[in-house]
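Those protein sequences? They're chains A and B, same order as listed.
Per our numbering, residue 86 is the first one in the first sequence, and the count goes up by one each step.
Per our numbering, residue 86 is the first one in the second sequence, and the count goes up by one each step.
By construction, these hints were calculated from the structure, which means they are not laboratory data.
You may find that some hints are simply not true.
It does not matter which identical chain is used: a pair holds within one copy or between any two.
[What the hints assert, rightly or not] Computed cross-link-like contacts, DSS-like style, restricted to lysine-lysine with a CA-CA straight-line distance of at most 27 Å:
hint : residue 1 : residue 2
1    : Lys418    : Lys353
2    : Lys353    : Lys258
3    : Lys165    : Lys338
4    : Lys338    : Lys203
5    : Lys364    : Lys353
There are 2 protein chains.
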Amino acid sequence: MISVEEASQIITAHQIDWGTETIPLPLANRRILAEAITADRDFPPFHRVTMDGIAVSIDTPITEGLFRIEGTQYAGESPKTITSRGSALEVMTGAVLPSNTNTVIRYEDLTFSEYGDKRFAALNTNVNPQQNVHHQGSDRRAGEVLLQAGIRLGSSEIGILASVGKSQVLVQKKPRVAIISTGDELVDIQVTPLPHQIRKSSGYQLAAALQEMGFASELFHLPDHPESLEKKLTELIQNFEILILTGGVSAGKKDFVPATLEKLGIQKQFHKVAQRPGKPVWFGVRAGQNAVFALPGNPVSTFACFLKYVRPYLLQGTLAPMKAVLSEKIIFKPELTYFLTVAASFNEEGRLMATPLKGSGSGDFANLLACTGFLELPADRSEFTAGEVFSYLSFR
Amino acid sequence: MISVEEASQIITAHQIDWGTETIPLPLANRRILAEAITADRDFPPFHRVTMDGIAVSIDTPITEGLFRIEGTQYAGESPKTITSRGSALEVMTGAVLPSNTNTVIRYEDLTFSEYGDKRFAALNTNVNPQQNVHHQGSDRRAGEVLLQAGIRLGSSEIGILASVGKSQVLVQKKPRVAIISTGDELVDIQVTPLPHQIRKSSGYQLAAALQEMGFASELFHLPDHPESLEKKLTELIQNFEILILTGGVSAGKKDFVPATLEKLGIQKQFHKVAQRPGKPVWFGVRAGQNAVFALPGNPVSTFACFLKYVRPYLLQGTLAPMKAVLSEKIIFKPELTYFLTVAASFNEEGRLMATPLKGSGSGDFANLLACTGFLELPADRSEFTAGEVFSYLSFR
Numbered sequence: 086m087i088s089v090e091e092a093s094q095i096i097t098a099h100q101i102d103w104g105t106e107t108i109p110l111p112l113a114n115r116r117i118l119a120e121a122i123t124a125d126r127d128f129p130p131f132h133r134v135t136m137d138g139i140a141v142s143i144d145t146p147i148t149e150g151l152f153r154i155e156g157t158q159y160a161g162e163s164p165k166t167i168t169s170r171g172s173a174l175e176v177m178t179g180a181v182l183p184s185n186t187n188t189v190i191r192y193e194d195l196t197f198s199e200y201g202d203k204r205f206a207a208l209n210t211n212v213n214p215q216q217n218v219h220h221q222g223s224d225r226r227a228g229e230v231l232l233q234a235g236i237r238l239g240s241s242e243i244g245i246l247a248s249v250g251k252s253q254v255l256v257q258k259k260p261r262v263a264i265i266s267t268g269d270e271l272v273d274i275q276v277t278p279l280p281h282q283i284r285k286s287s288g289y290q291l292a293a294a295l296q297e298m299g300f301a302s303e304l305f306h307l308p309d310h311p312e313s314l315e316k317k318l319t320e321l322i323q324n325f326e327i328l329i330l331t332g333g334v335s336a337g338k339k340d341f342v343p344a345t346l347e348k349l350g351i352q353k354q355f356h357k358v359a360q361r362p363g364k365p366v367w368f369g370v371r372a373g374q375n376a377v378f379a380l381p382g383n384p385v386s387t388f389a390c391f392l393k394y395v396r397p398y399l400l401q402g403t404l405a406p407m408k409a410v411l412s413e414k415i416i417f418k419p420e421l422t423y424f425l426t427v428a429a430s431f432n433e434e435g436r437l438m439a440t441p442l443k444g445s446g447s448g449d450f451a452n453l454l455a456c457t458g459f460l461e462l463p464a465d466r467s468e469f470t471a472g473e474v475f476s477y478l479s480f481r
Numbered sequence: 086m087i088s089v090e091e092a093s094q095i096i097t098a099h100q101i102d103w104g105t106e107t108i109p110l111p112l113a114n115r116r117i118l119a120e121a122i123t124a125d126r127d128f129p130p131f132h133r134v135t136m137d138g139i140a141v142s143i144d145t146p147i148t149e150g151l152f153r154i155e156g157t158q159y160a161g162e163s164p165k166t167i168t169s170r171g172s173a174l175e176v177m178t179g180a181v182l183p184s185n186t187n188t189v190i191r192y193e194d195l196t197f198s199e200y201g202d203k204r205f206a207a208l209n210t211n212v213n214p215q216q217n218v219h220h221q222g223s224d225r226r227a228g229e230v231l232l233q234a235g236i237r238l239g240s241s242e243i244g245i246l247a248s249v250g251k252s253q254v255l256v257q258k259k260p261r262v263a264i265i266s267t268g269d270e271l272v273d274i275q276v277t278p279l280p281h282q283i284r285k286s287s288g289y290q291l292a293a294a295l296q297e298m299g300f301a302s303e304l305f306h307l308p309d310h311p312e313s314l315e316k317k318l319t320e321l322i323q324n325f326e327i328l329i330l331t332g333g334v335s336a337g338k339k340d341f342v343p344a345t346l347e348k349l350g351i352q353k354q355f356h357k358v359a360q361r362p363g364k365p366v367w368f369g370v371r372a373g374q375n376a377v378f379a380l381p382g383n384p385v386s387t388f389a390c391f392l393k394y395v396r397p398y399l400l401q402g403t404l405a406p407m408k409a410v411l412s413e414k415i416i417f418k419p420e421l422t423y424f425l426t427v428a429a430s431f432n433e434e435g436r437l438m439a440t441p442l443k444g445s446g447s448g449d450f451a452n453l454l455a456c457t458g459f460l461e462l463p464a465d466r467s468e469f470t471a472g473e474v475f476s477y478l479s480f481r
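Bound conformation, chain A alone (with noise of 0.2 Å):
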């Protein structure tokens, strides 16, 4: 039996180039970006005006002045020039600054008057030079890398991508899901269970977690037979690149999924992890082709495999770690690592604070709808102090 850790090593290690594919940039979120990006041009592309106002020449701090205003520079507009420095254009936000002015008054410190046709501006308060102005290039210069392949796209990304211009992107191919349920106790969630069946639901579950992800998926169940297991998991190997399947990998009799598995040459890279709960996982891969997570079969099991294993899997290590500070006291005496129920949430001090739930086993999974994730609470020791600060997973 392996560590928690060797099998997290295990299953980065087997990451499957899926390859890359173009696709529109109102699709690329969530996607593992495939190439680097640069600034086609500067960033701000020109002297940028950022307040509503007038437009001037200063050299120096200036408390008083008296400017004509020669007319208005508008956004969108190719930019004006002043005819003397005492001159100003009026100005407005997101407009090119006017070629030999260097300074933005704002509206708010200024006082307007007409004599005749001409209207002038009156400075109220004191003003620097190169107010109010963004430099063009001062962010980001033109051929600078804005963003870098491997890193997953979220909102502010595909803000930069449209900005620069990219109405396509090259992105990492996305492997398919099957999500499939084992175990002759399931029955479907129309139908009404006789009492000793339960309807499915890690199956649901497991989608609705994989779509916050950004991961279609595709359900189904097969029944704990092995002639008919290997039949149908022969297709849904050709079918799909990811398989999540959820029970009969323990030491039961019916059982029958790790074994089928290696028939059909998914390779197995390990089975049974220290751990509770979820011990009885296991991994395997078809070399460039498939990985396969065969999950224990009950529903809060299934959720810490799927959290601890599947998750980073598929995001490929682009998802930030987190941490929570134990709230209460916890013994644990089994040598393994104990990924607890907690329901976690800021406190005054900014630290994330991890509050063990009351568990009945690794089936209780209504004890889930309290619980905001679970603390990886290590294998090496038995005894876990309120105010120490474990590896958090959560999935709210």
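Given the coordinates of chain A, assemble chain B onto it according to the supplied hints.
Just chain B now, kept in the frame of chain A:
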């Protein structure tokens, strides 16, 4: 000019009831539940075996024993019985506990042997009564409320809904969302801009942020021209419940947005909030029909206002508040709430540490790349010390 707190209160007070609809469970993730969900049966619905092994009947802890195996109780089968107290049934995880047994002994704790056609299991260790059984109703009783109306569904709630057979779920209707950019300096992303033009980017960024919240949206662009603004907004108000406009809300000469919205019957609730960036933000409603957010056009201002005002409005207060620790001293003199761009990550103490990013003003959206969110520094003072904790608006 109102405070950020007042603006938030006004927005909260103008929630609109969009009605409810019944949708299939797989579409319900991230939706707001509009019915209370009760357990249709006990959780678990039967005394459930939690380990593969044998089921026996014992009244006190035992340290040795030999049990005759009478058969197997698989998951999904109706309960069997043992014929005498010294007998046992093999049981598989997820099975019903055989009716006259009370304890499960794991395979790991047993040694099996055969005598003729009879099989026996000898105990290797000590066993307590009730071990490895998840008792009927121990998590939840039939009739108990599992989920309250008004919560936002996530993956674990989807799992619960499946388990109680809710293949169709009553949720709040989602408003249709239009994102409308204005500004004559903006060109399409496919276009090579002239020196004084820039590409539209905020709309794509907001659409991506909305997608992460589970909202679809459509993008529009309107020119800085009062008649065409009015004509197009008239249509958009009919076809979309939520309008998010960017640009055209400042004191500029072409800032026609607020006046046009009011002309169309969108009642202004506020215009201008004591904050930086984002001061010109405008909010209005048409009773029971539209909520309109007119945000400043600089991409960083737009995004701060979106996170502070639009996101909580659409999520109806279901977002867990976050706090982070300012990592270095900040001086900010204006009497404005300061939305400071920061990069936040967890330190070894489980504190979310927010490092201010040097920015060159509200137009500097390339700096959003390193940024993970905004720290909200209150308006009533000008010095903020390293180690202080503030509200944090996260977008990663």
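Kindly indicate which numbered hints from before are broken by the structure, ordering the numbers from low to high.
-> Hint check: 1 fails alone, others pass.
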